[in-house]
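Input sequences plus hints: build the corresponding full structure.
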Amino acid sequence: MLINSNLEKYEAFIRELPLKSRYSPNDLLVPELCMMREGPIEMYYAPHNDYGNPLARIMIVGITPGWNQMEIAIRTAKLAMLKHKSAQEICKEAKMAARFAGSMRSNLIQMLNELNLHSYYGLADCKALFEDESTLLHTTSLLRYPVFTNKKNYSGHSPELSKNVLLYTYAYQLMMSELEALNHTPLIIPLGKSVELVFKRLLSEKKINEKQVVWGFPHPSGANGNRLRQFQQYRDEMEKGIRNFVLLQQ
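Read left to right, the sequence shown gives residues 195 to 444 (my numbering).
Watch out, some of these pointers could steer you wrong.
In the EDC-like style, the derived pairs of lysine to aspartate or glutamate whose C-alpha atoms are separated by at most 16 Å in a straight line are [what the hints assert, rightly or not]:
| no. | residue 1 | residue 2 |
| --- | --- | --- |
| 1 | Lys-405 | Glu-390 |
| 2 | Lys-272 | Glu-232 |
| 3 | Lys-272 | Glu-202 |
| 4 | Lys-279 | Glu-205 |
| 5 | Lys-279 | Glu-202 |
| 6 | Lys-405 | Glu-433 |
| 7 | Lys-272 | Glu-205 |
| 8 | Lys-272 | Glu-283 |
| 9 | Lys-203 | Glu-226 |
| 10 | Lys-387 | Glu-354 |
| 11 | Lys-405 | Glu-431 |
| 12 | Lys-394 | Glu-404 |
| 13 | Lys-345 | Asp-221 |
| 14 | Lys-401 | Glu-431 |
| 15 | Lys-277 | Glu-205 |
| 16 | Lys-400 | Glu-390 |
| 17 | Lys-345 | Glu-232 |
| 18 | Lys-357 | Glu-390 |
| 19 | Lys-277 | Glu-287 |
| 20 | Lys-401 | Glu-354 |
Hint data in this document are derived by calculation from the structure and do not stem from the laboratory. These numbers were taken from a predicted model, which means no experiment stands behind them.
Put into structure tokens, the structure is as follows:
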């Protein structure tokens, strides 16, 4: 379903973009798509996280879409517009193409498979979550739209998310609304410590149950040099948490 109608504000600009096999930052990091600016921090529009899956039983949460996801989402949306798709179809197609795109998705699937997530949900492979069995999965970001600092992907640091009032308040309120939109109590997989901070606050306020969160999952970006070490450190604990949560839901 569509979470909001933000596409309407940016549709005309996206429609007018020239067809390209790949857009550059000069094409998309422009005032027409800029949603917010505070010093070196800028937030730009991308349509993929405007589509949500209320039937999901698994919720994977990143920090914010990066440039690669933004570019794929805009390019996919442009092609869908040319086919006269509805706003919901445009955002859904953008989401299917862009979410954790590239090596990040491969890394994510590999780690989820190692935790045997697929077996607990009756799947042959976690790759199916991003394909045939996508009704099980809702993916989103603490910061729904791409955030950049000095035109570089925002990682939750510089500035620290928890110390930036604007970003932290936005992330907290957004997660509250995303959780309320789901029909089921989801298994939540926060990607990285910056994302975990918001869920620890939700836990302290009793908005979520500790057993529904997979704590310790590293961000799957190839730029995260500590990814494999962190994954191995928390692997057994994470798999145990997944198993216990699924048993509670039966």
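Exercise. Regarding the pair Lys-279 and Glu-202, is the alpha-carbon distance no greater than 16 Å?
Worked result: Given pair Lys-279, Glu-202 holds - Cα atoms ~13 Å apart, limit 16 Å.
Exercise. Are Lys-401 and Glu-431 close enough, with their CA atoms no more than 16 Å apart?
Worked result: 22 Å, violated
Exercise. Within a Cα-Cα threshold of 16 Å, do Lys-272 and Glu-232 meet the stated pairing?
Worked result: Given that 16 Å is the threshold and the Cα spacing comes to 28 Å, the pair is violated.
For this session: Compare the distance between the alpha carbons of Lys-277 and Glu-205 with 16 Å, and conclude whether the hinted pair is satisfied.
Result: Holds, at roughly 14 Å.
For this session: Quickly compare the C-alpha distance for Lys-272 and Glu-202 to 16 Å and report which way the hint goes.
Result: Answer holds: Lys-272 to Glu-202 is near 13 Å, not above 16 Å.
Problem set entry | Restraint status (C-alpha distance of Lys-277 to Glu-287 at most 16 Å) | Judged against 16 Å, a Cα distance of about 12 Å means the pair holds.
Exercise. Within a Cα-Cα threshold of 16 Å, do Lys-405 and Glu-390 meet the stated pairing?
Worked result: Measuring from Cα to Cα gives roughly 14 Å; hence the hint holds.
Exercise. Given the hint that Lys-345 pairs with Asp-221, does the C-alpha gap stay at or below 16 Å?
Worked result: 13 Å, holds
For this session: Would you check the hint for Lys-203 and Glu-226, treating anything up to 16 Å between C-alpha atoms as holding?
Result: Holds, at about 10 Å.
Exercise. Is Lys-394 close enough to Glu-404, meaning Cα to Cα at most 16 Å?
Worked result: 9 Å, holds
Exercise. Can the restraint linking Lys-272 and Glu-205 be considered satisfied, given a maximum Cα separation of 16 Å?
Worked result: 9 Å, holds
For this session: Verify the proposed pairing of Lys-400 with Glu-390, using a straight-line Cα cut of 16 Å.
Result: 15 Å, holds
Of the hints listed earlier, those the structure fails to meet are numbers 2, 14 and 20, in rising order.
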